[in-house]
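Whole structure, please, built from the sequences with the hints as guidance.
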Amino acid sequence: MNIIETDHLTKYYGKARGIIDVSLNVEEGEIFGFIGPNGAGKSTTIRLFLSLIYPTKGDARIFGKDCIKFGPEIRQEIGYLPSEVFYYEGMKVLDLLEYSASFYKKDCSKRLFELADLMELDLKRRIDDLSYGNKKKVGIVQGLLHQPKLIILDEPTSGLDPLMQQKFFNLIREEHDRGATVFFSSHILGEVQRLCNRVAIIKEGSIIDIQDIKTLQKNNYKKIQITADGMDETRFNIDGVSNIEKMDGMISFFYKGDINTITRLISSEKIADLTVEDLTLEEIFMHYYE
Amino acid sequence: MNIFKHEFKIKLRSVLIWSVSISSLILVFMSLFQSFAAEAALVNQLMKSFPKELLIAFGMQDLDWSTILGFFGLLFVFCQICLAIQAANYGFSLVSIEESEWTADFLLSKPIARKQILTSKLLAAITCLVITEAVVWVSSFVFINFFNDGQQIQLKALILLLVSMIIFQLFFLSVGMLISLLVKRIRSVTPFSMALVFGLYTLNAFGSMVGEKSLEILSPFKHFSPSYIVKYASWEFPLVWISVIAIFIAVIGTYILYEKRNIASAV
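Protein chains in written order, with my numbering: chain A, 34 to 323; chain B, 47 to 313.
Any given hint might turn out to be false.
[Stated by the list, open to error] Below, a sample of chain A positions facing chain B; criterion: calculated Cβ distance under 7 Å:
no. : residue
1   : S76
2   : Q109
3   : F119
[Unchecked claim] Computed cross-link-like contacts, SDA-like style, restricted to lysine to any residue with a CA-CA straight-line distance of at most 25 Å:
no. : chain 1 : residue 1 : chain 2 : residue 2
4   : B       : K161      : A       : P105
5   : A       : K138      : B       : I158
6   : B       : K202      : B       : L73
Worth flagging that the hints you see were computed from the coordinates, not collected in a lab. From the three backbone atoms N, C-alpha and C, an ideal C-beta is built for every residue, glycine too.
Below, the structure written as structure tokens:
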């Protein structure tokens, strides 16, 4: 079953582009990564899911129901952590969390305290006095306290220290094991790589690729480095080779194609050293955006 | 209900401040009444020596300062300005504050329809206004009775004057609300509410000064002019209906616009 389905979802802010023809599905039980640089349209897509804004064209369905028509009903089962967290000033942390819990039908108080404990959150402090990272923790607790079926995270780790990030990822994994589907937007590839099954790449408002994260890394490009004296790098200029660079007697390039072709070509030369490796997601990503 | 409680709690302090300020205003003014009344002939003569346009502009033309209600009517204009600012503040900030303080993402991602959010907020604001009005009613009665210098009070005029506050504040609340949704973003509420209140006040003052009826018609300061209510012990129909209709249109417009609104994001 698809938890999220979008069909040519398009949003313009006046004339400014938000997103264009975004069509994607997120299946039940997935951790779905959504990566792209700032301004690519990640937040726009998420805000459309939550009916904070309305599409210019196309539609989005969550749990098989239209996002706009069944908004309140759908949101019973969504936990949302925005990229920037802002809460009512002058409120205590506990007041805010209880206010947040009061919107849901189920009793959330037990989970509220569990999460606050886990995130080492001081419930008695006023929100205004919290640091950015601590506000973010309030956001995490607030977004998860009703044990939602769908968790939507918009660049969730900014402001959290590495230890907290680790805790946060474990928490998300636990929620996932419990059966929650996760939609995880980020521009930090490492964390997407660590957590996600599938990933959509968005560029200037359009999806340019949706792939299994393993396929994305395995089946695509190899990064090949050759150390050899006085070799002419232009001889590797064959089909499937890109990004040839030469530095200090080392030639490196990306290769996509039949691996035998390239090994034969390399073995015909006298070389000192050779490494063949998968591209990191970082490099794939840079490749997409060039 | 949770939103109502939340909103009410946030506004409670402001309600307290407004109620106390307006009541003190009434207290200070009414305490001066006896000395005015004693010199009534002199005061009325002094007033006559002012240019008529000036008196009209300040809504003093038909008021007899030597009667307790005439005096109260004069002071009531200032109460009206305060009440209007309070209501306009609530109206302009009602939903816009969630966007200017970036809390809209929190609230609107909760499982609740925008209609319900608006209704809860509106009811909370109206409750706050009614509490303020109740305090002003009580303090008006108390201070008028205390300082009335043995005069008979024309109860009907007084009650009409005090009850008019409800519609009067609803006008500023609802119009403020509507305007807040017509503009893209309100960073600070005060300039907007000041502009609305003093704009409409000036419109009325200027309109009556130059005798231009079409200007006054737009202003609730005209619809609920204290000098008219005190003089005739009646509301000025059909002008009152203009306020009532404006409230209906503004409320309906607000619901439509809020339902359709794209909420600005923080980043």
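Against the structure, the hints come out as follows:
no.: 1; hint: S76; result: holds, 6 Å
no.: 2; hint: Q109; result: holds, 4 Å
no.: 3; hint: F119; result: holds, 4 Å
no.: 4; hint: K161/B <-> P105/A; result: holds, 11 Å
no.: 5; hint: K138/A <-> I158/B; result: holds, 11 Å
no.: 6; hint: K202/B <-> L73/B; result: holds, 21 Å
Every hint from the earlier list agrees with this structure, and none is contradicted.
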